[in-house]
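Undergrad: If you're matching them up, the sequences are chains R and E in order.
Numbering follows the working numbering, in which position 200 of the first sequence is assigned residue number 200; successive positions increment by one, without gaps.
Numbering follows the working numbering, in which position 62 of the second sequence is assigned residue number 62; successive positions increment by one, without gaps.
Hints may be right or wrong, so weigh each one.
Here are some, though not all, of the chain R residues that point toward chain E, as calculated from beta-carbon distances under 8 Å [what the hints assert, rightly or not]:
| no. | residue |
| --- | --- |
| 1 | Ala90 |
| 2 | Gly143 |
| 3 | Glu157 |
| 4 | Ile160 |
| 5 | Glu197 |
The following residues of chain R were derived to be distant from chain E, with all beta-carbon distances above 12 Å [stated by the list, open to error]:
| no. | residue |
| --- | --- |
| 6 | Asn46 |
| 7 | Thr75 |
| 8 | Val124 |
| 9 | Val146 |
| 10 | His161 |
| 11 | His165 |
| 12 | Pro198 |
| 13 | Ala207 |
| 14 | Ser225 |
| 15 | Pro227 |
| 16 | Thr271 |
| 17 | Gly306 |
| 18 | His319 |
If you are wondering where the hints come from, they were derived from the structure by calculation, not from laboratory data.
Yeah, the Cβ is synthetic: ideal placement off N, Cα and C, and Gly gets one too.
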Amino acid sequence: MTTSDGSVLGRTTIVDRGSPAECWNLVFLGDGYTSTQLAQYATDVNNAASVLLNTPPFNGRRAVINVFRVDVSSTDSGADDPVACGGSGAVRRTYFDATFCTNGIQRLLTVDAATALAVAGAQVPEFDAVLVIVNSTVYGGSGGAVGVFSLAGNATEIAIHELGHTAFGLADEYMYYRGCGSGETDRDHHPPVEPVEPNVTIASTRAGLKWRDLILSSTPVPTMSNPDCAQCDSRPSPVPTGTVGAFEGAHYAHCGAYRPEYGCKLLTLGTPFCAVCQRRIRQVLPTTVPHVRELRVAQAVKLVRGAGLVPKLVGPQQHGSWVWQQSPKAGAIVASGSTVTMRLRSGPIP
Amino acid sequence: MSDVGSADTRDEEPPRRAVRLVFAYEGDEVRLLSRARIEKVLPQSDQSADALNFRGTWSEVRDADGVTLDRRVLVDPMPRDAEVFPEQLGEEISREPVERPSGVFTLLVPDLDGADHLAVLSNSPGQAGVRAAESGPTELVRVDLTTGGEAQP
Ligand SMILES: [Zn+2]
Numbered sequence: 001m002t003t004s005d006g007s008v009l010g011r012t013t014i015v016d017r018g019s020p021a022e023c024w025n026l027v028f029l030g031d032g033y034t035s036t037q038l039a040q041y042a043t044d045v046n047n048a049a050s051v052l053l054n055t056p057p058f059n060g061r062r063a064v065i066n067v068f069r070v071d072v073s074s075t076d077s078g079a080d081d082p083v084a085c086g087g088s089g090a091v092r093r094t095y096f097d098a099t100f101c102t103n104g105i106q107r108l109l110t111v112d113a114a115t116a117l118a119v120a121g122a123q124v125p126e127f128d129a130v131l132v133i134v135n136s137t138v139y140g141g142s143g144g145a146v147g148v149f150s151l152a153g154n155a156t157e158i159a160i161h162e163l164g165h166t167a168f169g170l171a172d173e174y175m176y177y178r179g180c181g182s183g184e185t186d187r188d189h190h191p192p193v194e195p196v197e198p199n200v201t202i203a204s205t206r207a208g209l210k211w212r213d214l215i216l217s218s219t220p221v222p223t224m225s226n227p228d229c230a231q232c233d234s235r236p237s238p239v240p241t242g243t244v245g246a247f248e249g250a251h252y253a254h255c256g257a258y259r260p261e262y263g264c265k266l267l268t269l270g271t272p273f274c275a276v277c278q279r280r281i282r283q284v285l286p287t288t289v290p291h292v293r294e295l296r297v298a299q300a301v302k303l304v305r306g307a308g309l310v311p312k313l314v315g316p317q318q319h320g321s322w323v324w325q326q327s328p329k330a331g332a333i334v335a336s337g338s339t340v341t342m343r344l345r346s347g348p349i350p
Numbered sequence: 001m002s003d004v005g006s007a008d009t010r011d012e013e014p015p016r017r018a019v020r021l022v023f024a025y026e027g028d029e030v031r032l033l034s035r036a037r038i039e040k041v042l043p044q045s046d047q048s049a050d051a052l053n054f055r056g057t058w059s060e061v062r063d064a065d066g067v068t069l070d071r072r073v074l075v076d077p078m079p080r081d082a083e084v085f086p087e088q089l090g091e092e093i094s095r096e097p098v099e100r101p102s103g104v105f106t107l108l109v110p111d112l113d114g115a116d117h118l119a120v121l122s123n124s125p126g127q128a129g130v131r132a133a134e135s136g137p138t139e140l141v142r143v144d145l146t147t148g149g150e151a152q153p
């Protein structure tokens with residue numbers, strides 16, 4: 001039930017892409033694994049890390065993502081499963097005190113987040129996100145300062161959705177609060193204030209959309225409007241999957257708020273992140289500086305922008321200019337949006 | 001090919017020092033649990049001048065004159081509800097209000113020369129402890145950055 005019910009055994013780097021001071025660092029903790037179950041825990045972490053690293057846009061930024069496994073043993077196996085929610089009534093002595101039935105909701109599986117953050121900070125001071133795997137096959141999970149998920153099928157999707165909130169500042173894109181069929185009557189219209197998150201907006205015109213640069217001129221805006229604000233709009237998409245536009249119904253409101261695509265992982269689990277959410281994730285993750293020395297300036301600028309960096313040109317910018325020096329050097333891991341200074345020369349490339 | 005080994009310039013080294021802060025909250029009370037200085041390059045500041053036209057919660061590192069040196073948007077760090085997930089992919093995710101909101105959240109901010117304090121601010125209508133939006137953002141907690149740096153009990 002507390003940290004006296006187990007011990008922290010240390011950390012293992014399972015994906016090492018470079019200095020934790022420069023990379024994005026994901027830390028896995030485990031709860032409800034006894035000391036004899038830690039080999040299984042290692043396998044469970046590898047499986048979850050693999051799902052994340054194969055999810056766009058993380059798959060395109062593997063070069064900057066470190067993954068750490070912190071081994072924590074618990075006295076007992078599993079998690080508390082109170083009868084109040086129809087659970088088995090199990091009470092387990094585990095290090096992070098995992099329990100189902102938080103707030104009276106069976107699937108709401110939580111841990112002692114303060115302890116989880118303290119352990120993560122002690123083991124991997126540079127951590128960017130913390131996920132706790134709970135050794136139970138009962139479906140459950142939760143978000144907040146640490147993402148929590150069980151071993152039930154698809155529960156890893158909970159962790160990835162929650163990373164969207166905690167690590168990347170993304171809003172929920174669903175158009176209701178308790179549910180479309182919940183009978184709630186206070187979700188018909190979004191309040192007339194612009195949410196700070198990059199993936200939802202109250203703007204309904206092309207010029208007002210935060211993601212207007214991603215919308216094709218042939219895509220109508222709004223792309224979908226909800227004809228009945230008393231309900232969720234459950235009609236199919238009028239445009240092909242992956243079309244960026246403005247779809248009414250988002251951020252807990254049936255009307256008056258828009259999401260960028262018909263579908264997104266911030267709307268339903270098992271769906272890819274939309275283009276706007278993917279861009280935001282790439283902007284938060286570090287990036288790798290491309291090699292641009294001795295390239296023509298146009299090609300160099302394209303490569304730098306493509307890596308999410310800002311080109312700064314110094315020297316003669318004329319036909320035939322080429323990059324003589326670059327800073328930072330090729331292969332360096334830097335914050336997205338950083339400047340790459342390119343000193344130019346003209347004439348033939350030696 | 002020229003000798004490229006020494007040709008890299010080193011004119012724009014990003015700051016590599018950061019401060020991690022961990023806060024606990026209960027209702028609208030927020031308190032610092034720990035802070036630690038670490039070596040880390042952070043994502044760029046959310047310095048957009050537009051930031052204050054939005055509704056949300058964010059952190060600011062300020063100098064002694066109150067000038068903002070760094071701003072970071074925080075998504076609902078002290079939620080008053082819990083997100084509940086469906087067992088079947090594609091079914092509805094939902095939110096359920098929590099009776100007594102409490103928990104923790106963590107921030108990473110750059111350890112800047114001239115930094116005096118960190119403030120967490122909110123103008124989000126849903127955030128506990130926030131005044132009416134018309135009166136400007138509410139400061140939820142402030143931490144002196146001129147002292148300390150070790151974990152505080
Ligand atoms: Zn999205």
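Undergrad: All hints, please: hold or fail.
TA: Here is what the structure says about each hint:
1. Ala90: 19 Å, violated
2. Gly143: Check passed: Cβ of Gly143 (chain R) comes within 5 Å of chain E, closer than 8 Å.
3. Glu157: Constraint on Glu157 (chain R) satisfied, holds at 7 Å.
4. Ile160: This hint is violated: Ile160 (chain R) lies away from chain E, its Cβ roughly 11 Å from the closest one there, beyond 8 Å.
5. Glu197: 6 Å, holds
6. Asn46: At about 22 Å from chain E, Asn46 (chain R) clears the 12 Å cut-off, so the statement holds.
7. Thr75: 24 Å, holds
8. Val124: 10 Å, violated
9. Val146: With a cut-off of 12 Å, Val146 (chain R) comes too close to chain E, as the shortest Cβ separation is near 9 Å.
10. His161: About 7 Å separates His161 (chain R) from the closest Cβ of chain E, which leaves it inside 12 Å; violated.
11. His165: Violated, since 5 Å does not exceed 12 Å.
12. Pro198: 9 Å, violated
13. Ala207: Given a closest Cβ separation of 14 Å, the condition holds.
14. Ser225: 21 Å, holds
15. Pro227: The assertion about Pro227 (chain R) holds, with a minimum of 20 Å to chain E.
16. Thr271: 7 Å, violated
17. Gly306: 18 Å, holds
18. His319: 21 Å, holds
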